[in-house]
Structure formats: C-alpha cells, structure tokens
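**Student:** Please take these sequences and the hints and turn them into a complete structure.
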Amino acid sequence: AQKVTQAQTEISVVEKEDVTLDCVYETRDTTYYLFWYKQPPSGELVFLIRRNSFDEQNEISGRYSWNFQKSTSSFNFTITASQVVDSAVYFCALSPYNQGGKLIFGQGTELSVKP
Amino acid sequence: DAGVIQSPRHEVTEMGQEVTLRCKPISGHNSLFWYRQTMMRGLELLIYFNNNVPIDDSGMPEDRFSAKMPNASFSTLKIQPSEPRDSAVYFCASSRPPGQGWTGELFFGEGSRLTVL
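Chains as they are written, first to last, in the numbering used here: chain A, 1 to 115; chain B, 116 to 232.
Keep in mind that the hints are not guaranteed to be accurate.
[Claimed, not checked] EDC-like mimics (lysine to aspartate or glutamate), calculated; alpha carbons at most 20 Å apart, straight line:
hint: 1; chain 1: A; residue 1: Lys-3; chain 2: A; residue 2: Asp-29
hint: 2; chain 1: A; residue 1: Lys-3; chain 2: B; residue 2: Glu-225
hint: 3; chain 1: A; residue 1: Lys-3; chain 2: B; residue 2: Glu-159
hint: 4; chain 1: B; residue 1: Lys-193; chain 2: B; residue 2: Asp-171
hint: 5; chain 1: A; residue 1: Lys-38; chain 2: B; residue 2: Glu-225
hint: 6; chain 1: A; residue 1: Lys-3; chain 2: B; residue 2: Glu-129
hint: 7; chain 1: A; residue 1: Lys-38; chain 2: B; residue 2: Glu-159
hint: 8; chain 1: A; residue 1: Lys-114; chain 2: A; residue 2: Glu-10
hint: 9; chain 1: B; residue 1: Lys-139; chain 2: A; residue 2: Glu-44
Keep in mind the hints are simulated off the structure, nothing from the lab.
**Tutor:** As structure tokens, this is what we get:
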C-alpha cells in the first residue's frame, strides 16, 4: 500500500527561524512522483514542487529547499528565514509515475510563524 | 487565464437532499480530479477523468456519489441522498497533458464547502 506520513502535526516558530517539515513515504513502485503543496488560511491548495523518484538531486528555490533521500524514503522540506506569510498547512504527497494526478496526501503539517 | 472554477463555494443542506457540485477546469487541461478534505480523513481522491472519461473512481465512497464530465469544460459531482458525514470541502483540480514543460502540477479550485445538517 502507498502511504505518506507527516509526523509533525503542528510546528510553531518565530520569524526568521529555519524550519524543516518532515515527510516519509511508503510505496512498492520503483518509479513515482513526490510533491509538496501549501494550503494557506484562505483554503486553496498551491503547488510547490514535484520530484521524480529517479532524480535525487536536492532542489532550492529561494528560501525553500527540498531534500529527497530514496534510501530513507524521505522528502523533507526546509524553509529558511521563515516569514509570517509562510504560515499555512503543508502537504506532502505521492503519486504513481503513470498517474501523476492521483495524489496520496499526508495528513499535513500546520506551520505557524509568529512575528 | 482563469483558474479552476467551482460552484457553489458554500452549500448548506439537510440530510437526504441532493447536492450537485460543479467544476470548470482550466482550458486546455485534459485531466480533471475531484478531491475531498475532512479533518478525519484528510485529502483523498474521489475520482479522476482523462479526456472526459472516468479513469479511476475507486475513491468514491458509496453509490450515493456520482460524477460526470459531459465535455472538456464541465464536470459535476453529485451526492444523493446526502448525509451529515458527507460534510467536507470538495476540491476540483485539473492538469495539462504530459509533455514538454510538464511540471505535474495540479491546479486546484477554491473548493466547495458542504455542510449537511
């Protein structure tokens, strides 16, 4: 069975702190996609990143970075110098390689960044 | 470009009533997805379509739920009869065909918040 676990239910940090959101997944597929989505208080879901299972290169986009380690089935997300606008629920998700939209979501981590 | 458009944004109904949720995907997208979000179960896929054809409806909870996509620009999710446990936010999402520049991104609508009393 495929499963995504985000063990951190809630995280609270002070602005400018770095924060890492953990994601561990389970799948028997050899190829798959991993995603992160953001759900701000307004409720919509916003795509952040997709990784292919065969590409373990870490990625950085501004203050965001992602660490994919296939050996530990983890796809962690780090926000550097957090800001109040980063406050949201963050979801990690997994999909089969040939069904990229069929997302299996983790339960989400609610990040609160306080000024 | 307009995003995914869902209606109604909020719906309050009584148990036993029929509920119809509507979705207009982004023009040019060939895949459409219905997701449901609840506190207990989180975000879960109900059904998805490719080129207007239902591909996987294994997430549809019961026969009370049905979804259609009569054309490339419109889809409905119907619940008949509705029950209090159907209360949730229902998201519609669409994506473009795989190809050059494909990111795998699902474009989500703002959701339809359903409350069944």
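**Student:** So, for every hint listed, does it hold in this structure?
**Tutor:** Status of each hint after checking the structure:
no. : hint                    : result
1   : A/Lys-3 <-> A/Asp-29    : 12 Å, holds
2   : A/Lys-3 <-> B/Glu-225   : 25 Å, violated
3   : A/Lys-3 <-> B/Glu-159   : 12 Å, holds
4   : B/Lys-193 <-> B/Asp-171 : 16 Å, holds
5   : A/Lys-38 <-> B/Glu-225  : 13 Å, holds
6   : A/Lys-3 <-> B/Glu-129   : 34 Å, violated
7   : A/Lys-38 <-> B/Glu-159  : 16 Å, holds
8   : A/Lys-114 <-> A/Glu-10  : 13 Å, holds
9   : B/Lys-139 <-> A/Glu-44  : 16 Å, holds
In the structure shown, a violation is registered for the earlier hints numbered 2 and 6, in ascending order.
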